[in-house]
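Construct the entire structure; sequences and hints are all you get.
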Amino acid sequence: QQQVKQSPQSLIVQKGGISIINCAYENTAFDYFPWYQQFPGKGPALLIAIRPDVSEKKEGRFTISFNKSAKQFSLHIMDSQPGDSATYFCAASIDGSTLGRLYFGRGTQLTVWP
Amino acid sequence: KAGVTQTPRYLIKTRGQQVTLSCSPISGHRSVSWYQQTPGQGLQFLFEYFSETQRNKGNFPGRFSGRQFSNSRSEMNVSTLELGDSALYLCASSAERPSSYEQYFGPGTRLTVT
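Chains A and B are the protein sequences, given in the same order. Numbering-wise, this note's numbering puts 109 at position 109 of the first sequence, and it's gapless, one number per residue. Numbering-wise, this note's numbering puts 76 at position 76 of the second sequence, and it's gapless, one number per residue.
Hints are not guaranteed to be accurate.
What the hints assert, rightly or not - So, partial list: chain B residues that the calculated Cβ filter (under 8 Å) puts toward chain A:
| hint | residue |
| --- | --- |
| 1 | Leu43 |
| 2 | Phe45 |
| 3 | Glu48 |
| 4 | Asn56 |
| 5 | Gly62 |
| 6 | Leu90 |
| 7 | Tyr101 |
| 8 | Gln103 |
| 9 | Phe105 |
| 10 | Gly106 |
| 11 | Pro107 |
What the hints assert, rightly or not - A short, non-exhaustive set of chain A residues, derived as facing chain B with CB atoms under 8 Å:
| hint | residue |
| --- | --- |
| 12 | Lys42 |
| 13 | Gly43 |
| 14 | Pro44 |
| 15 | Leu46 |
| 16 | Ala49 |
| 17 | Phe89 |
| 18 | Ser93 |
| 19 | Arg101 |
| 20 | Leu102 |
| 21 | Phe104 |
| 22 | Arg106 |
| 23 | Gly107 |
| 24 | Trp113 |
Unchecked claim - In the DMTMM-like style, the derived pairs of lysine to aspartate or glutamate whose C-alpha atoms are separated by at most 25 Å in a straight line are:
| hint | chain 1 | residue 1 | chain 2 | residue 2 |
| --- | --- | --- | --- | --- |
| 25 | A | Lys42 | B | Glu75 |
| 26 | A | Lys58 | B | Glu102 |
| 27 | A | Lys42 | B | Glu102 |
| 28 | A | Lys57 | A | Asp79 |
| 29 | A | Lys5 | A | Asp84 |
| 30 | A | Lys68 | B | Glu102 |
| 31 | A | Lys5 | B | Glu102 |
| 32 | A | Lys71 | B | Glu102 |
| 33 | A | Lys5 | A | Glu59 |
| 34 | A | Lys71 | A | Glu59 |
| 35 | A | Lys15 | A | Glu56 |
| 36 | A | Lys5 | A | Asp53 |
| 37 | A | Lys57 | B | Glu102 |
| 38 | B | Lys57 | A | Asp79 |
| 39 | B | Lys1 | A | Glu59 |
| 40 | B | Lys13 | B | Glu82 |
Just so you know, these hints were derived from the structure itself, not from any lab. From the three backbone atoms N, C-alpha and C, an ideal C-beta is built for every residue, glycine too.
See below:
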C-alpha cells in the first residue's frame, strides 16, 4: 500500500513557468514532510521540508504548501529553470516507532524547456 | 563536511552470489538508513541503524541484512542474489534529535544481477 501518493508522474514546463507537484497521504501520524530532488546517477538531495504546524514554507524559488485537513502537500517551483529538470520525490515520516523511516511518493520527472 | 559516501559505486554479480555494500555517514551522524530504488517499486526502506543497533526494518526478506560499526559506518549484505535485486541501493544518514528528521543520501551503489 502506497502511503504517500504523488502526482503527476511527469511534468513539462516552460522556462520561467511555475512547476507544481502534489502529494497526498492517509496516515495522520506523519509529522515531517520533506521533498527530495534527484538527478540521474545521483542520490536524492534534500530540497525543503515542512512540519504540519505551518501551512507554507519558502526557500528561494521553492515553496511547500501544506493542507493538514485535506492531508495534502505540494511543491511549487517558481521561475522554473532548465537546471531544475530532475526527478522530485515527496516523502513523509513519523516520529516514534518508525524512527528513521521515510515513506516516499513514486516521483515526478520534471522537464523544463528553455 | 564530507557527504555520505558509498562503495562500491557499481557492482555486477551473478544470481546466487552474495554482495556487501558499504556506507560511511556524514561525520557526527549516528543514524544510517538503507533504501532500495527501482523503477517499478520506487524508493523502499530496508532498515535503519543507530548506535550499532537495528531500530527499524522494512518488508524485505531475510536475505537482506545489515550492521553498523562503532564508528557509525554501515554495511548491508544481500545473500543468494536474485535478478529482482538489481537496483540502486541508497544509504542515508541523519544526526540525533532534534534534527534527526533530516536524512542525507549518498550517491548509491548500482547493483546489477545477471
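For each hint, the structure was consulted:
{"no.": "1", "hint": "Leu43", "in the structure": "4 Å, holds"}
{"no.": "2", "hint": "Phe45", "in the structure": "5 Å, holds"}
{"no.": "3", "hint": "Glu48", "in the structure": "3 Å, holds"}
{"no.": "4", "hint": "Asn56", "in the structure": "5 Å, holds"}
{"no.": "5", "hint": "Gly62", "in the structure": "19 Å, violated"}
{"no.": "6", "hint": "Leu90", "in the structure": "5 Å, holds"}
{"no.": "7", "hint": "Tyr101", "in the structure": "5 Å, holds"}
{"no.": "8", "hint": "Gln103", "in the structure": "6 Å, holds"}
{"no.": "9", "hint": "Phe105", "in the structure": "4 Å, holds"}
{"no.": "10", "hint": "Gly106", "in the structure": "5 Å, holds"}
{"no.": "11", "hint": "Pro107", "in the structure": "5 Å, holds"}
{"no.": "12", "hint": "Lys42", "in the structure": "6 Å, holds"}
{"no.": "13", "hint": "Gly43", "in the structure": "4 Å, holds"}
{"no.": "14", "hint": "Pro44", "in the structure": "5 Å, holds"}
{"no.": "15", "hint": "Leu46", "in the structure": "6 Å, holds"}
{"no.": "16", "hint": "Ala49", "in the structure": "7 Å, holds"}
{"no.": "17", "hint": "Phe89", "in the structure": "7 Å, holds"}
{"no.": "18", "hint": "Ser93", "in the structure": "7 Å, holds"}
{"no.": "19", "hint": "Arg101", "in the structure": "5 Å, holds"}
{"no.": "20", "hint": "Leu102", "in the structure": "6 Å, holds"}
{"no.": "21", "hint": "Phe104", "in the structure": "4 Å, holds"}
{"no.": "22", "hint": "Arg106", "in the structure": "5 Å, holds"}
{"no.": "23", "hint": "Gly107", "in the structure": "6 Å, holds"}
{"no.": "24", "hint": "Trp113", "in the structure": "24 Å, violated"}
{"no.": "25", "hint": "A:Lys42 to B:Glu75", "in the structure": "20 Å, holds"}
{"no.": "26", "hint": "A:Lys58 to B:Glu102", "in the structure": "17 Å, holds"}
{"no.": "27", "hint": "A:Lys42 to B:Glu102", "in the structure": "18 Å, holds"}
{"no.": "28", "hint": "A:Lys57 to A:Asp79", "in the structure": "17 Å, holds"}
{"no.": "29", "hint": "A:Lys5 to A:Asp84", "in the structure": "22 Å, holds"}
{"no.": "30", "hint": "A:Lys68 to B:Glu102", "in the structure": "21 Å, holds"}
{"no.": "31", "hint": "A:Lys5 to B:Glu102", "in the structure": "21 Å, holds"}
{"no.": "32", "hint": "A:Lys71 to B:Glu102", "in the structure": "21 Å, holds"}
{"no.": "33", "hint": "A:Lys5 to A:Glu59", "in the structure": "23 Å, holds"}
{"no.": "34", "hint": "A:Lys71 to A:Glu59", "in the structure": "22 Å, holds"}
{"no.": "35", "hint": "A:Lys15 to A:Glu56", "in the structure": "24 Å, holds"}
{"no.": "36", "hint": "A:Lys5 to A:Asp53", "in the structure": "21 Å, holds"}
{"no.": "37", "hint": "A:Lys57 to B:Glu102", "in the structure": "16 Å, holds"}
{"no.": "38", "hint": "B:Lys57 to A:Asp79", "in the structure": "40 Å, violated"}
{"no.": "39", "hint": "B:Lys1 to A:Glu59", "in the structure": "22 Å, holds"}
{"no.": "40", "hint": "B:Lys13 to B:Glu82", "in the structure": "10 Å, holds"}
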